[in-house]
Amino acid sequence: MKDLLLLPTGVLVGIVNAVAGGGGLLSFPMMIALGYSPFTANITVTAGALPGNISSAWGHRVPFVGEKRSPSLALGVSGIVGALGGCTLLLLGGAATFTTVVPWLLVTSALLVLAQPQIVRAVRHLSGTPGAPKWLGVLGAAVVSGYGGYFGVAMGVMFLGVFGVLIHEPWQQLNAWKNEIAVFVNTTAVIVFALFAHIAWSAAVLLALGTFVGGFLGARIARRLPDRWFRLVVASIGLVAAAAVLLH
Numbered sequence: 001m002k003d004l005l006l007l008p009t010g011v012l013v014g015i016v017n018a019v020a021g022g023g024g025l026l027s028f029p030m031m032i033a034l035g036y037s038p039f040t041a042n043i044t045v046t047a048g049a050l051p052g053n054i055s056s057a058w059g060h061r062v063p064f065v066g067e068k069r070s071p072s073l074a075l076g077v078s079g080i081v082g083a084l085g086g087c088t089l090l091l092l093g094g095a096a097t098f099t100t101v102v103p104w105l106l107v108t109s110a111l112l113v114l115a116q117p118q119i120v121r122a123v124r125h126l127s128g129t130p131g132a133p134k135w136l137g138v139l140g141a142a143v144v145s146g147y148g149g150y151f152g153v154a155m156g157v158m159f160l161g162v163f164g165v166l167i168h169e170p171w172q173q174l175n176a177w178k179n180e181i182a183v184f185v186n187t188t189a190v191i192v193f194a195l196f197a198h199i200a201w202s203a204a205v206l207l208a209l210g211t212f213v214g215g216f217l218g219a220r221i222a223r224r225l226p227d228r229w230f231r232l233v234v235a236s237i238g239l240v241a242a243a244a245v246l247l248h
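Numbering (our numbering), first residue to last: 1 to 248.
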């Protein structure tokens with residue numbers, strides 16, 4: 001019965017992702033609080049986030065129907081390869097290693113969420129300047145995808161930063177690519193985890209349902225509320241969760 005708390009948590013995650021990003025900093029600590037190990041919480045949060053990734057990517061594709069706005073094959077492949085590398089590192093390292101590094105990953109994710117406005121401004125500025133060679137963009141995407149396969153919280157913010165620096169395209173296209181490559185990364189991760197690890201499927205389904213609803217609500221809320229408050233709350237929860245894991 002306690003897992004039912006993940007349904008409203010998923011709604012909040014969907015809202016936060018739509019407004020500010022970094023919703024995994026809510027779902028991951030909640031799973032820890034419900035008694036799941038950090039390792040199981042990590043892979044389950046990834047599975048629960050996938051439906052939201054798909055709907056978000058589809059929503060960003062709609063305005064671009066008939067235009068060449070989908071990510072290149074190279075970016076898609078880099079997402080899959082990077083995710084496989086991250087998943088492999090997670091599984092080979094095991095739960096003990098992940099529990100050791102996860103507090104620092106949470107701190108990094110919280111700082112990325114706080115820095116999101118600065119990252120977005122930099123991306124918008126750099127998207128109007130000559131980009132780096134294409135292979136650097138693909139390599140950067142693979143590195144971020146590796147992070148996504150291993151942990152994944154605030155992965156979207158990292159993609160925006162890398163794409164903005166290395167790929168010369170309009171901001172709207174970079175944002176669409178960010179959402180689409182996240183589908184490649186999380187789909188790959190879920191398949192690997194389903195085959196070689198233990199996903200808490202009941203928890204993942206509750207998170208997925210909540211995130212789906214929260215995404216729609218977040219789209220409305222985003223028009224009315226400043227996202228800085230969401231970022232502050234989410235980042236604070238992430239830092240508290242990092243401290244809790246360290247103390248545990």
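Don't read these hints as lab results, they were simulated from the structure.
It is possible that some hints are incorrect.
Claimed, not checked - Distance windows between CB atoms, simulated:
1. Trp229 with Ala96: 16 to 26 Å
2. Ala74 with Thr100: 30 to 40 Å
3. Phe212 with Ile191: 37 to 47 Å
4. Leu4 with Leu217: 15 to 25 Å
5. Arg228 with Leu195: 35 to 45 Å
Glycine included, C-beta positions come from ideal geometry on N, C-alpha and C.
Hint check results:
1. Trp229 with Ala96: 16 to 26 Å: violated (37 Å)
2. Ala74 with Thr100: 30 to 40 Å: Given a distance of about 34 Å, which is inside 30 to 40 Å, the answer is holds.
3. Phe212 with Ile191: 37 to 47 Å: Violated - the Cβ-Cβ distance for Phe212 and Ile191, about 20 Å, lies outside 37 to 47 Å.
4. Leu4 with Leu217: 15 to 25 Å: With a Cβ separation near 19 Å, Leu4 and Leu217 satisfy 15 to 25 Å, so the hint holds.
5. Arg228 with Leu195: 35 to 45 Å: holds (41 Å)
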